[in-house]
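Novice: Each chain is listed here by its residues.
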Amino acid sequence: MNHVRQISKVVSLKEALSHIKRGTSLMYGGFGGIGSPPSIIEALLQMKVSQLDLIGNDAGFPNIGIGRLISEGRARSLLTSHIGSNPNAGRLMTENKLDVTFFPQGTLAEKIRAGGMGLGGILVDVGLGTMAEEGREKVEIQNKTYLIEEALTAEVAIVYAKQADEYGNLVFDKSARNFNPLVAMAADVTIVEAEQIVPNGELDPENIVTPGVFVDYIVQSEGVNWQWMWE
Amino acid sequence: MNHVRQISKVVSLKEALSHIKRGTSLMYGGFGGIGSPPSIIEALLQMKVSQLDLIGNDAGFPNIGIGRLISEGRARSLLTSHIGSNPNAGRLMTENKLDVTFFPQGTLAEKIRAGGMGLGGILVDVGLGTMAEEGREKVEIQNKTYLIEEALTAEVAIVYAKQADEYGNLVFDKSARNFNPLVAMAADVTIVEAEQIVPNGELDPENIVTPGVFVDYIVQSEGVNWQWMWE
Amino acid sequence: MDVGVDYRRVIAEWAAKEIKPGMHVNLGIGMPTLVAGFVPEHYNVMFHAENGILGTGPYPIKGGEDENLCDAGGFPVTAVPGASFFDSTMAFGIIRRGYLDVTILGALQVSEAGDLANWIVPGKRVPGMGGAIDLAQKSKKVIVLMNHTNKSGEAKIVKKCTLPLTAPSCVDVIITERAIIDVINNELHVRRILAPYTMEEVISSTEAELHFS
Amino acid sequence: MDVGVDYRRVIAEWAAKEIKPGMHVNLGIGMPTLVAGFVPEHYNVMFHAENGILGTGPYPIKGGEDENLCDAGGFPVTAVPGASFFDSTMAFGIIRRGYLDVTILGALQVSEAGDLANWIVPGKRVPGMGGAIDLAQKSKKVIVLMNHTNKSGEAKIVKKCTLPLTAPSCVDVIITERAIIDVINNELHVRRILAPYTMEEVISSTEAELHFS
Numbered sequence: 001m002n003h004v005r006q007i008s009k010v011v012s013l014k015e016a017l018s019h020i021k022r023g024t025s026l027m028y029g030g031f032g033g034i035g036s037p038p039s040i041i042e043a044l045l046q047m048k049v050s051q052l053d054l055i056g057n058d059a060g061f062p063n064i065g066i067g068r069l070i071s072e073g074r075a076r077s078l079l080t081s082h083i084g085s086n087p088n089a090g091r092l093m094t095e096n097k098l099d100v101t102f103f104p105q106g107t108l109a110e111k112i113r114a115g116g117m118g119l120g121g122i123l124v125d126v127g128l129g130t131m132a133e134e135g136r137e138k139v140e141i142q143n144k145t146y147l148i149e150e151a152l153t154a155e156v157a158i159v160y161a162k163q164a165d166e167y168g169n170l171v172f173d174k175s176a177r178n179f180n181p182l183v184a185m186a187a188d189v190t191i192v193e194a195e196q197i198v199p200n201g202e203l204d205p206e207n208i209v210t211p212g213v214f215v216d217y218i219v220q221s222e223g224v225n226w227q228w229m230w231e
Numbered sequence: 232m233n234h235v236r237q238i239s240k241v242v243s244l245k246e247a248l249s250h251i252k253r254g255t256s257l258m259y260g261g262f263g264g265i266g267s268p269p270s271i272i273e274a275l276l277q278m279k280v281s282q283l284d285l286i287g288n289d290a291g292f293p294n295i296g297i298g299r300l301i302s303e304g305r306a307r308s309l310l311t312s313h314i315g316s317n318p319n320a321g322r323l324m325t326e327n328k329l330d331v332t333f334f335p336q337g338t339l340a341e342k343i344r345a346g347g348m349g350l351g352g353i354l355v356d357v358g359l360g361t362m363a364e365e366g367r368e369k370v371e372i373q374n375k376t377y378l379i380e381e382a383l384t385a386e387v388a389i390v391y392a393k394q395a396d397e398y399g400n401l402v403f404d405k406s407a408r409n410f411n412p413l414v415a416m417a418a419d420v421t422i423v424e425a426e427q428i429v430p431n432g433e434l435d436p437e438n439i440v441t442p443g444v445f446v447d448y449i450v451q452s453e454g455v456n457w458q459w460m461w462e
Numbered sequence: 463m464d465v466g467v468d469y470r471r472v473i474a475e476w477a478a479k480e481i482k483p484g485m486h487v488n489l490g491i492g493m494p495t496l497v498a499g500f501v502p503e504h505y506n507v508m509f510h511a512e513n514g515i516l517g518t519g520p521y522p523i524k525g526g527e528d529e530n531l532c533d534a535g536g537f538p539v540t541a542v543p544g545a546s547f548f549d550s551t552m553a554f555g556i557i558r559r560g561y562l563d564v565t566i567l568g569a570l571q572v573s574e575a576g577d578l579a580n581w582i583v584p585g586k587r588v589p590g591m592g593g594a595i596d597l598a599q600k601s602k603k604v605i606v607l608m609n610h611t612n613k614s615g616e617a618k619i620v621k622k623c624t625l626p627l628t629a630p631s632c633v634d635v636i637i638t639e640r641a642i643i644d645v646i647n648n649e650l651h652v653r654r655i656l657a658p659y660t661m662e663e664v665i666s667s668t669e670a671e672l673h674f675s
Numbered sequence: 676m677d678v679g680v681d682y683r684r685v686i687a688e689w690a691a692k693e694i695k696p697g698m699h700v701n702l703g704i705g706m707p708t709l710v711a712g713f714v715p716e717h718y719n720v721m722f723h724a725e726n727g728i729l730g731t732g733p734y735p736i737k738g739g740e741d742e743n744l745c746d747a748g749g750f751p752v753t754a755v756p757g758a759s760f761f762d763s764t765m766a767f768g769i770i771r772r773g774y775l776d777v778t779i780l781g782a783l784q785v786s787e788a789g790d791l792a793n794w795i796v797p798g799k800r801v802p803g804m805g806g807a808i809d810l811a812q813k814s815k816k817v818i819v820l821m822n823h824t825n826k827s828g829e830a831k832i833v834k835k836c837t838l839p840l841t842a843p844s845c846v847d848v849i850i851t852e853r854a855i856i857d858v859i860n861n862e863l864h865v866r867r868i869l870a871p872y873t874m875e876e877v878i879s880s881t882e883a884e885l886h887f888s
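Protein chains in written order, with my numbering: chain A, 1 to 231; chain V, 232 to 462; chain L, 463 to 675; chain U, 676 to 888.
Looking at chain A on its own, in the form it has when it is part of the complex (with noise of 0.2 angstroms):
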């Protein structure tokens, strides 16, 4: 038959992350744990990779999230907003073995996303008067004066979706969403962890979050395997 099947980018955990590397820089969804794709970071704990360049929202706690991945020593630089829910995150800072570089979370969602968007940077004034506008480039406009802050990318980013198609169209769960969809775009090998796959048809081209052309791989999650802290 003259038919081509539709691609599935729907592929093994290990097949998707054989992308990720001694050194590779790695954007993450989640936001105190919430969002992060428990089955990668299970997975990249048993690959044993470190040296890891980190970029999200928060250190997770010590046993959730990418917490589980900073306890361990995996990373060697994190660029995010607070580490304050993981001690073991400010005692590698400590000891200088980890390079953390912090911005304002909204200004770093924002650097997130203009490198998905294919942006430069954005214009910010959050933060004037204070630590976070400390070598960094200013510009005026109208007046007033802005930080010029550059659009992040990575080369790959870990998202965790409630549903996806086999083409990577995504919708998320709630608060679960946060800084997945923008890592989702940053990154140059996105890989989707998902609840539910499901055939292309069957989420609602009005309620994607996430088109599926972001999105390079697909895997199925096995549930979240730590313990919340209110648990």
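Check before you lean on any hint, since a few could be wrong.
Stated by the list, open to error - Computed list of lysine-lysine pairs in DSS-like fashion (alpha-carbon distance at most 25 angstroms, straight line):
(1) V/K393 to V/K240
(2) U/K815 to V/K375
(3) A/K48 to A/K14
(4) L/K524 to L/K482
(5) V/K369 to A/K138
(6) L/K602 to A/K144
(7) L/K621 to L/K602
(8) V/K240 to L/K603
(9) U/K695 to U/K816
(10) L/K586 to A/K144
(11) A/K9 to U/K816
(12) L/K621 to L/K603
(13) V/K375 to U/K816
(14) V/K393 to V/K245
(15) V/K369 to A/K144
(16) L/K479 to L/K622
(17) U/K816 to U/K834
(18) L/K602 to L/K586
(19) U/K815 to U/K834
(20) V/K393 to U/K835
(21) A/K97 to L/K603
(22) U/K799 to U/K835
(23) V/K252 to V/K240
(24) U/K692 to V/K328
(25) U/K799 to U/K815
(26) A/K9 to U/K815
(27) V/K328 to V/K393
(28) U/K692 to U/K815
(29) A/K9 to A/K138
(30) L/K479 to L/K586
(31) V/K240 to L/K602
(32) A/K9 to U/K695
(33) V/K245 to V/K279
(34) U/K816 to U/K835
(35) L/K524 to A/K162
(36) V/K240 to L/K482
(37) A/K138 to V/K375
(38) L/K603 to L/K482
It should be emphasised that the hints constitute simulated quantities derived from the structure, not laboratory data.
Guided by the hints, dock chains V, L and U onto chain A, whose structure is given.
Specialist: Frame of chain A; chains V, L and U shown alone:
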């Protein structure tokens, strides 16, 4: 009963449009007329409001969308990406009755979004080596040149939505979304014309495109009152 | 002296009085989260969580927690009618555009000018600013809830912050277990002294100059 | 000489051969929209409309048009399985980030260097650039479909564009009723001459230098 009624933003067209006066800067949703608010445009025509400073994707068609206002000479300036589909706009421009400034479409969209998000602007390399870079300030980031494009805001935005709840949460209809969610965020006063108005709680929080906090007034649409080109 | 649980609730209750019907409000982690419990439901206040929710409701009934419906502190919440979920750029767009009427957060130091320091203790704790800079700089009204003094008994209301700033000239009201203080034109005006403290105790535990009217 | 309807279809059919399975493609207004009809359905090509659709399908059956489901030219379309709707920032984010494999558009002039002019005729037509600059500058492959000469019979393939540029060095392939020409390292290489035209006719109606191999 100790019960304060949930505040509804639903008002009459007349009340909503009292915010639009001679010389008001006005952003509008719509792309070739699709997604421009028909009942608001009709009411503005009848109000005889003039000297508007318009900001939006295009000039519509002579008798479609924002083109109806432009054709009647109600605008004194227009920031847009093209006017090719409305010869009246070209004529008024040539006669120096309409001051037109062009931006690449994606740049215009991001400038409006930046205004809505409280950013000062964006850095973009689209348009380098063309007339689009004339008069623009530039900045070098990692040896690449970017144009500094400042954020756009307006006094009033007029928006067309498929559904609005009483708080102002919005969802849009297919390709009628276009610039609507962007202008909805970027004005001091945002007026939404909705096909359907529903009680709070009716819209799935997951699928809301524009959070109600950006919306000031909601009016009931009376439907499209122009003939499409393809009809 | 530490602020006990009762004091925390008293502070939160005073803070709640700053919230009016229909407002958009962000509550920081810790003491500020207690404020929600003192805001009448019929006020229809929309609580904003900077991880991506507008319209959070109270903690769910035990066993009804949803691991993917939590506030910025990571604690389970619910969603009120009219709530929406979105990504972090939208969450901070709402903040940056100035749509938050009130932000309530903690502090390490507040100065006479309303300067806020709450994100770093050089050489000691470096948790990072999170969303505090965005919130402090861009909210229409910033209310600080904190102990009047630190664990060593040192004043936290100071002439000039010695810790790195979160944002300059941003604080509008300071509420401690000892007093409610308004920051007006670079001056601290004591609105109310809270029992059992006396004016003398408030003055002596404050480094900055206080005005009484 | 004008390009008749048949020629337009011939040009579109040649352009369609540049599209491979699974590609993301944007078609400009006019002749480029004809290309979709020549792309096999089983290629699962995702057509992008810069007003906010990824995955447009063919014109709906007569009477089945949806006024709010149209392409960037304002004509009704359908949506294929896997399609998504979004706002114009996302539409242009996809373009700007370089995810479009092929963009097919019209031109007023193309130069030896692949410079494209298609948005303004000074003193005459000033339609504005719309999304053409974004598309021309950021797509992986830019294919221009146009008449070989303008209505006055003047060459549109020129040494240097005299009209304002849409984007410099962006065109990869030029397809006219007379020839298919590849732009390679600032040189124009004729890949094929289309019947009934001769090499001489192509050369004489082209201002720029042509290479034949």
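Novice: So, for every hint listed, does it hold in this structure?
Specialist: Results of checking the hints against the structure:
1. V/K393 to V/K240: holds (16 angstroms)
2. U/K815 to V/K375: holds (19 angstroms)
3. A/K48 to A/K14: Measuring from Cα to Cα gives roughly 13 angstroms; hence the hint holds.
4. L/K524 to L/K482: violated (29 angstroms)
5. V/K369 to A/K138: holds (12 angstroms)
6. L/K602 to A/K144: Measuring from Cα to Cα gives roughly 19 angstroms; hence the hint holds.
7. L/K621 to L/K602: With Cα atoms ~23 angstroms apart, L/K621 and L/K602 stay inside 25 angstroms; holds.
8. V/K240 to L/K603: Holds. V/K240 to L/K603 sits at ~24 angstroms (cutoff 25 angstroms).
9. U/K695 to U/K816: holds (12 angstroms)
10. L/K586 to A/K144: violated (35 angstroms)
11. A/K9 to U/K816: holds (24 angstroms)
12. L/K621 to L/K603: holds (21 angstroms)
13. V/K375 to U/K816: holds (22 angstroms)
14. V/K393 to V/K245: holds (21 angstroms)
15. V/K369 to A/K144: holds (17 angstroms)
16. L/K479 to L/K622: Status violated; Cα separation ~28 angstroms.
17. U/K816 to U/K834: holds (21 angstroms)
18. L/K602 to L/K586: Outside the cut-off at roughly 31 angstroms; violated.
19. U/K815 to U/K834: Roughly 23 angstroms separates the two Cα atoms, so the pair holds.
20. V/K393 to U/K835: Violated, at about 48 angstroms.
21. A/K97 to L/K603: violated (40 angstroms)
22. U/K799 to U/K835: The given pair, whose Cα atoms are some 20 angstroms apart, holds under the 25 angstroms limit.
23. V/K252 to V/K240: Status holds; Cα separation ~21 angstroms.
24. U/K692 to V/K328: Outside the cut-off at roughly 46 angstroms; violated.
25. U/K799 to U/K815: violated (31 angstroms)
26. A/K9 to U/K815: At roughly 22 angstroms apart (the allowed maximum being 25 angstroms), U/K815 and A/K9 satisfy the hint.
27. V/K328 to V/K393: violated (34 angstroms)
28. U/K692 to U/K815: holds (16 angstroms)
29. A/K9 to A/K138: This hinted pair is violated, its Cα atoms lying about 42 angstroms apart.
30. L/K479 to L/K586: violated (35 angstroms)
31. V/K240 to L/K602: holds (22 angstroms)
32. A/K9 to U/K695: Distance of about 18 angstroms is within 25 angstroms: holds.
33. V/K245 to V/K279: Status holds; Cα separation ~13 angstroms.
34. U/K816 to U/K835: holds (21 angstroms)
35. L/K524 to A/K162: OK: L/K524 and A/K162 at ~24 angstroms, within 25 angstroms.
36. V/K240 to L/K482: With a Cα-Cα distance of about 18 angstroms, the restraint between V/K240 and L/K482 holds, given a limit of 25 angstroms.
37. A/K138 to V/K375: holds (17 angstroms)
38. L/K603 to L/K482: holds (12 angstroms)
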